[in-house]
Amino acid sequence: MGGALNLNHLLFLGHGALWTIGLSVIALVGGGLAGFLVALGRVSPSRTLRLLAATYVQLIQGTPLLVIMFLSFFGLAAIGFNISPLAAAGASMTIFVAAYLGEIWRGCIEAVPRPQWEAAEGLALSRTQRMVKVILPQAIRIATPPTVGFMVQIIKNTSLASVVGFVELTRSGQIINNSMFEPFLIYSIIAVVYFSLCYPLSRLSRRLERTALQKKPALA
Amino acid sequence: MNISAIQSAPAAATAPVVAMRGVHKSFGPLKVLDGVSFEVARGEVTVLIGRSGSGKSTALRCIDRFETIDGGEIEVCGRRVDDARLDLRALRLDVGIVFQSYNLFPHLTIEENITLAPHAVKGVPKAEARALAAKVLAQVGLEEKLHAYPEQLSGGQQQRAAIARSLAMQPKVMLFDEVTSALDPELTGEVLKVIEALAADGMTMVMVTHEMGFARGIADQVVFMHKGKVHEAGPADILSSPSTPELAQFVGTGL
Chain D
1 MGGALNLNHL
11 LFLGHGALWT
21 IGLSVIALVG
31 GGLAGFLVAL
41 GRVSPSRTLR
51 LLAATYVQLI
61 QGTPLLVIMF
71 LSFFGLAAIG
81 FNISPLAAAG
91 ASMTIFVAAY
101 LGEIWRGCIE
111 AVPRPQWEAA
121 EGLALSRTQR
131 MVKVILPQAI
141 RIATPPTVGF
151 MVQIIKNTSL
161 ASVVGFVELT
171 RSGQIINNSM
181 FEPFLIYSII
191 AVVYFSLCYP
201 LSRLSRRLER
211 TALQKKPALA
Chain P
221 MNISAIQSAP
231 AAATAPVVAM
241 RGVHKSFGPL
251 KVLDGVSFEV
261 ARGEVTVLIG
271 RSGSGKSTAL
281 RCIDRFETID
291 GGEIEVCGRR
301 VDDARLDLRA
311 LRLDVGIVFQ
321 SYNLFPHLTI
331 EENITLAPHA
341 VKGVPKAEAR
351 ALAAKVLAQV
361 GLEEKLHAYP
371 EQLSGGQQQR
381 AAIARSLAMQ
391 PKVMLFDEVT
401 SALDPELTGE
411 VLKVIEALAA
421 DGMTMVMVTH
431 EMGFARGIAD
441 QVVFMHKGKV
451 HEAGPADILS
461 SPSTPELAQF
471 VGTGL
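Going line by line, the protein sequences match chains D and P. For the first sequence, the positions run 1 to 220 when the working numbering is used. For the second sequence, the positions run 221 to 475 when the working numbering is used.
Worth flagging that the hints you see were computed from the coordinates, not collected in a lab. Since the model is a prediction, treat every value here as computed from it, not as a measurement. Hints are not guaranteed to be accurate.
To be verified - Derived lysine to any residue pairs resembling SDA-like cross-links, with alpha carbons at most 25 Å apart:
| hint | chain 1 | residue 1 | chain 2 | residue 2 |
| --- | --- | --- | --- | --- |
| 1 | P | Lys251 | P | Lys392 |
| 2 | D | Lys133 | P | Glu331 |
| 3 | P | Lys342 | D | Ala91 |
| 4 | D | Lys133 | P | Ala435 |
| 5 | P | Lys392 | P | Ala435 |
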């Protein structure tokens, strides 16, 4: 490359942007699945499970994502596990997202009014039936706006995967900049791309929140 | 009441559906139930009355094991509710409960609210459960609301739907916990009418209510609770001629 910004540079950035989206999807799906288990653990009747899930959340929320990335890429390599930048970034994001989504969703499950549990209990539904048929459908409605909002955090945090050599949007910008030395231009372009990925999600989240407030069930 | 019919019936049929014997319950340092005893016979309506904080709602909730007790015995449909190994599912199949705040499931239509438990718990086939829903909704006068969502109904209609939901499980005894306290007088009337019809059909019921006129008309037994104890109990007549000053004062202010 080198020289002025040309189509090849833009294609390279586009490729990086696709990997930012790809890594975000991996983080959302992996972290979503694991986060769901964390949320269930947090509201479990079993003390051990509650403690385990709470410890996990505290541990991850108290650790910078950057350090988790370093640990899973350089740390694991040092003790003999060589994993690809994609695997390291995907695993780190999953671990990180699971803790936050788990905690967001725990709050949503607990936001379903207590009497809903009792009504379901009074109808002889088992705990699993109460959860699946009564509580979760209501919790999902409550959870949608904050979850969409959190996706913005996921997208922005994927930029940290650049430190383990994963070529997503930020890393591809660094690479181009290394050859062109036009940091203001390059990083401005990158900022615009991030913004155009995140802004629609923020808007959507806010709109969902408004409609959720309007349709609040009376005296649930 | 037909005395000879009761005397000739086998012992099991005359055993009380609900029996509380010396029940004690505290919330932390607060003693809520202090040796509560009463029995509910099959087909009879027992009304629990008393001031707020007298323990009547807690007593009712103990019957369905929404609260565990600290001492005494509770027997419901021949099952010891105070036994830690109690089969909760079996208890709740026998006991229906209706709450002050209706607690319909807001994400389900009225029909789905009603068919959920019969289908999921008792394995009633979907088509049969829907027929059952139509039947119980007709019983509470809401047949046209089958496909409505709870939020589209008035409070009185929601409460009637909640009663229908409980009826669909064909319980042996129904508990009503201040089911009209959130309703205005007109809506209260329509809910009480439904309960009266149930009583006329011979449903065994225990209810906590502040509707003294209603209690007088429907109760086979009135249990007046005061400071966690059964202060006075007897037929509905005790409301007109109370023998303790506390009940006299309560009825006086309640009217």
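> Which of the numbered hints above does this structure break?
Replying inline: The structure conflicts with hints 1, 3 and 4, although it agrees with all the remaining ones.
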